[in-house]
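Asker: Add chains H and X to chain G, keeping to what the hints say.
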Amino acid sequence: MIDLVLPGLVVFLLLNLGAGLWRVQRGPTAADRMLSALLFGTTTVAVLLVMAEWMGEPALRNVALLFVMLASVISLAFVGLPREDEES
Amino acid sequence: MSLAVDLLIAAALIGLAVQVVVGGVLFRAIVLFIVFGLTMALAWARLAAPDLAMAEAAIGAGLTGALMLVAYRRLIEINPDKPARTERRRSVLALPVAILASALVAMIGLAAIGLEPAPGFAGRAVMDELDQTGLGNPITGVLLVFRNLDTLLEIAVLLAAFAAARAVTVPGASPLPLSNRSQSPLVGALLAIIVPMTVLVAAHLLRAGGHAPGGAFQAGAVLAASGVLLALTGKLVPSAETGLLLRLGLLAGLVGFSLVGLIVTGFGLPLLAMPGIWAIYAIETAMMLSIAVALLLLFTGSAGLRRGAD
Amino acid sequence: MSPREWLSLVLLIAGAGFYLAGTMGMLRFPDVFCRLHALTKADNLGLLLICSGLAVLAASWQTTALLGIIWLLGLIAASVSAHLIARHALREQQSTRSQSTNIR
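Residue numbers (this note's numbering), protein chains in the order written: chain G, 1 to 88; chain H, 1001 to 1310; chain X, 2001 to 2104.
Just chain G, with the same shape it has in the complex (with noise of 0.2 Å):
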């Protein structure tokens, strides 16, 4: 039963980042954008932890570690931006 609910765990998972892609698209701001990546870094965590324990591959909870200590890297990136006026 576990062994279904994870892969069904993923899906989920992966059907929320399809929907966190619509505010990509749409901004309007930058900073809005740049949210929903932030969105989409910690599902993706989220999914690698779960694929870990559902493929039995333990190495993938580190490539979740590089991915949640270098996420600030990014948004440190981005504040240094100078401040525009996005189009929509």
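For the record, the hints were derived by calculation from the structure and aren't laboratory data. You may find that some hints are simply not true.
[Claimed, not checked] Cβ-to-Cβ under 7 Å is the rule here; a few derived chain X residues that face chain G: (1) M2001; (2) A2016; (3) F2018; (4) M2026; (5) D2043; (6) L2045; (7) L2048; (8) A2065; (9) V2080; (10) L2090.
[What the hints assert, rightly or not] Facing chain G, a subset of chain X residues (Cβ under 10 Å, in silico): (11) L2009; (12) N2044; (13) A2077.
[Claimed, not checked] Pair ranges (Cβ atoms, derived): (14) A1125(H) to A19(G): 41 to 49 Å; (15) V1021(H) to W2006(X): 30 to 38 Å; (16) G2017(X) to A1203(H): 52 to 60 Å; (17) L15(G) to A1112(H): 24 to 32 Å; (18) L1269(H) to L4(G): 28 to 36 Å; (19) L2007(X) to A1112(H): 41 to 49 Å.
Cβ atoms here follow ideal geometry from the backbone N, Cα and C, with glycine treated the same way.
Answerer: Same frame as chain G, but now just chains H and X:
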């Protein structure tokens, strides 16, 4: 259910790739490219290739995303009047070419599905002889024992890339700053946690590389990413001179690997043979340092780095 | 199914629920500051619940510790990123208002 996962990841990859190329808004394309990197890591994870997923995580999250955002900033600074929107130019040939290319890929994929590896297949040979090397991870075995000349040349290529990047920058020009002035007190606290953590994780990946997924490239990319973090927050500032430590770091991999590879010939071993597991770890450490320094300097686009003002 | 698996199942499904809530907020909330709340809070709780569910399932102290570190790092990254992005968005909004040229 696992088929649904694979189909979703594949569809997302193709959709994202198309949107990155076709989409008109530059900033959106950058964010979509970052998301593409995340999805690519998931694809490697599904293909049971955690080594590649790790490399994708370290490079995608730590280096290329930040590189594109910084490049975007420079682009706005150069011409602030021009909106960051590229006009769409569609060729009539685009669709037929896309269809033909997909058909080609599908044909190659279909042909490869039923393929059985031949008895003398290199992958099998590696798995059979892995025990003699003392390593548990076949990838590290291939990189440092079975195809060591390729790895040596890859390190040389990285050095050449740094030299090429230096060659195309204007000599004497002051390097552009990477960080903005106004900073939050939270950033210092973040650095105090993340930077020591990256060093620990890099050491862990390097050590794990002997028996589990990991190794010099992943560890070096993680170290480079922590350097990027320091450069973005102004703790490291680009400078026009390459310091002695950075020079040593750049050369450590190539020189260390070549030296060990040459010295062993004096003891009757073939060129570039590994005298033991200690030599593999020593060379991996030197390569990790070279990879980290080269990637970081390629990111900052400067000859060297010095400590920031504060 | 053993009680351990039931517990993990409940935690995982609760985590998925918080992820769904986060995505809904991201899509439906009116402006960038509201969306920030939906995202960082709901998603981190979701990550905590999923990590706990997986830790119960894995039943190994080493894995549990790694999952705990991942969650803590995620929390730190999300809070700092959210703060930085919110500040950036606020200043952008203020500069747009003072110029009062851009009407959305």
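Asker: Look at each hint and say if it fits the structure.
Answerer: Evaluation of the provided hints:
1. M2001: For M2001(X), the interface hint holds, since the closest Cβ of chain G sits about 5 Å away, which is under 7 Å.
2. A2016: Since chain G brings a Cβ to about 5 Å from A2016(X), closer than 7 Å, the hint holds.
3. F2018: Violated - the Cβ of F2018(X) stays beyond 7 Å from chain G, reaching only about 10 Å at its closest.
4. M2026: Nearest chain G Cβ about 6 Å off; hint holds.
5. D2043: holds (5 Å)
6. L2045: Violated - the Cβ of L2045(X) stays beyond 7 Å from chain G, reaching only about 11 Å at its closest.
7. L2048: With a minimum Cβ separation of about 10 Å from chain G (threshold 7 Å), the hint on L2048(X) is violated.
8. A2065: Constraint on A2065(X) not satisfied, violated at 11 Å.
9. V2080: This interface hint holds because 6 Å falls under the 7 Å limit.
10. L2090: violated (9 Å)
11. L2009: L2009(X) check passes; min Cβ-Cβ to chain G is 6 Å, inside 10 Å.
12. N2044: holds (7 Å)
13. A2077: holds (4 Å)
14. A1125(H) to A19(G): 41 to 49 Å: Cβ of A1125(H) to Cβ of A19(G): about 47 Å, so the range 41 to 49 Å holds.
15. V1021(H) to W2006(X): 30 to 38 Å: Between V1021(H) and W2006(X), where Cβ atoms are some 47 Å apart, the hint is violated.
16. G2017(X) to A1203(H): 52 to 60 Å: violated (38 Å)
17. L15(G) to A1112(H): 24 to 32 Å: holds (29 Å)
18. L1269(H) to L4(G): 28 to 36 Å: violated (53 Å)
19. L2007(X) to A1112(H): 41 to 49 Å: holds (43 Å)
When the structure is compared with the earlier hints, violations turn up for hints 3, 6, 7, 8, 10, 15, 16 and 18 and for no others.
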